[in-house]
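Trainee: If you're matching them up, the sequences are chains A and B in order.
If you're matching positions, the first sequence starts at 63 in our numbering and goes up one per residue.
If you're matching positions, the second sequence starts at 63 in our numbering and goes up one per residue.
I should point out that these hints are in silico values taken from the structure, not numbers from a laboratory.
Any given hint could be a false lead.
Output of the computed footprint for chain A on chain B, the stretches with three or more beta carbons under 8 Å from beta carbons of chain A [claimed, not checked]:
(1) 68-79
(2) 95-103
(3) 106-119
(4) 122-131
Pairs of lysine-lysine residues, derived as DSSO-like cross-links and limited to a Cα-Cα distance of at most 27 Å, are as follows [stated by the list, open to error]:
(5) B:Lys100 <-> A:Lys100
(6) A:Lys105 <-> A:Lys74
(7) B:Lys105 <-> B:Lys74
(8) B:Lys74 <-> B:Lys100
(9) A:Lys141 <-> A:Lys100
(10) B:Lys141 <-> A:Lys74
(11) B:Lys105 <-> A:Lys100
(12) B:Lys74 <-> A:Lys74
(13) A:Lys141 <-> B:Lys74
(14) B:Lys74 <-> B:Lys160
(15) B:Lys160 <-> A:Lys105
Think of the CB as a built atom: it goes at the ideal place given N, C-alpha and C, for glycine as much as any other residue.
Number of protein chains: 2
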Amino acid sequence: MSDTERARDILKDLRQSIDNFDAVLIHTLAERFRCTQKVGELKARYDLPPADPDREARQIERLRRLADEAGMDPDFAEKFLTFIIREVIRHHEAIASKGTGQ
Amino acid sequence: MSDTERARDILKDLRQSIDNFDAVLIHTLAERFRCTQKVGELKARYDLPPADPDREARQIERLRRLADEAGMDPDFAEKFLTFIIREVIRHHEAIASKGTGQ
């Protein structure tokens, strides 16, 4: 077996891991969105404030720390959370507009 | 206990779940990046093609299907993969520039 063939085998193996991690990510995200969906419904129903800047700051700080401990760029962890929250806000806006009959 | 107090308790409980899912996401992403880091090193070392459009198309198709089965918007799953791949490309460019001594 040539070096390049061996490299292709290792590549195949790494891609299998990547695909498995992607399945974990998708299912965890799906469950996270189920939670934030309930949060949105609760806030709309009980007229709780839609945003909580203190909680968001604590979330960012914590995820940066977890990322750092796991050997991942903390800036990316922050960008990732922002990316997810943007989608959550989109869902909450949909709930709010449904709630007022729009 | 008033309805609003009960709502605040449920909110606290949901947020605990969200924080736990976020920890799963960060650690899974960290491990996924460890894999793609190795993929990048392997490709640079054995002069394998940096991009594989066929694999990427299969990944998108699969993640859309997994998202759909899990009750998540498939479009978001695709956006999510694109977001992650953009970061991976950034890492691979860093490996490539290191490899040529830049």
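Trainee: Now, for every hint given, state plainly whether the structure supports it.
Mentor: Taking the hints in turn, this is what the structure says about them:
Here's how the region 68-79 of chain B fares: 7 of its residues keep a CB closer than 8 Å to some CB of chain A, so the rule of at least three is met and the hint holds. Check result for the region 95-103 of chain B against chain A: holds, 6 residues qualifying (beta carbon to beta carbon below 8 Å, three or more required). For the region 106-119 of chain B, the stated coverage by chain A is satisfied: 4 residues place a CB nearer than 8 Å to a CB of that chain, which reaches the threshold of 3. With 4 residues having a beta carbon nearer than 8 Å to a beta carbon of chain A, the region 122-131 of chain B meets the requirement of three or more and the stated coverage holds.
In summary, the hint linking Lys100 of chain B to Lys100 of chain A is not supported, as the alpha carbons are separated by about 39 Å, beyond the 27 Å threshold. A C-alpha spacing of about 46 Å is found between Lys105 of chain A and Lys74 of chain A, which places the hinted pair above 27 Å, so the restraint is violated. For the proposed pair Lys105 of chain B and Lys74 of chain B, the alpha carbon gap of about 46 Å is over 27 Å, so the pair is violated. At roughly 40 Å between alpha-carbon atoms, Lys74 of chain B and Lys100 of chain B are farther apart than 27 Å, so this suggested pair is violated.
The suggested pairing of Lys141 of chain A with Lys100 of chain A holds, with an alpha-carbon distance near 24 Å, which does not exceed 27 Å. Pair hint Lys141 of chain B plus Lys74 of chain A holds up; C-alpha atoms about 24 Å apart against a cutoff of 27 Å. Using a Cα cut-off of 27 Å, the hinted pair Lys105 of chain B and Lys100 of chain A is violated, with the two alpha carbons roughly 44 Å apart. For the hint linking Lys74 of chain B to Lys74 of chain A, the alpha-carbon distance of about 43 Å lies beyond 27 Å, and the restraint is violated.
With a CA separation close to 24 Å, the supplied pair Lys141 of chain A and Lys74 of chain B stays within the 27 Å bound. Taken as a hint, the Lys74 of chain B and Lys160 of chain B pair is broken in the structure, with Cα atoms around 46 Å apart against an allowance of 27 Å. Taking the CA atoms of Lys160 of chain B and Lys105 of chain A, the gap is about 49 Å. The hint is violated against a cut of 27 Å.
Violated hints, listed in ascending order, are 5, 6, 7, 8, 11, 12, 14 and 15; each of the other numbered hints is respected by the structure.
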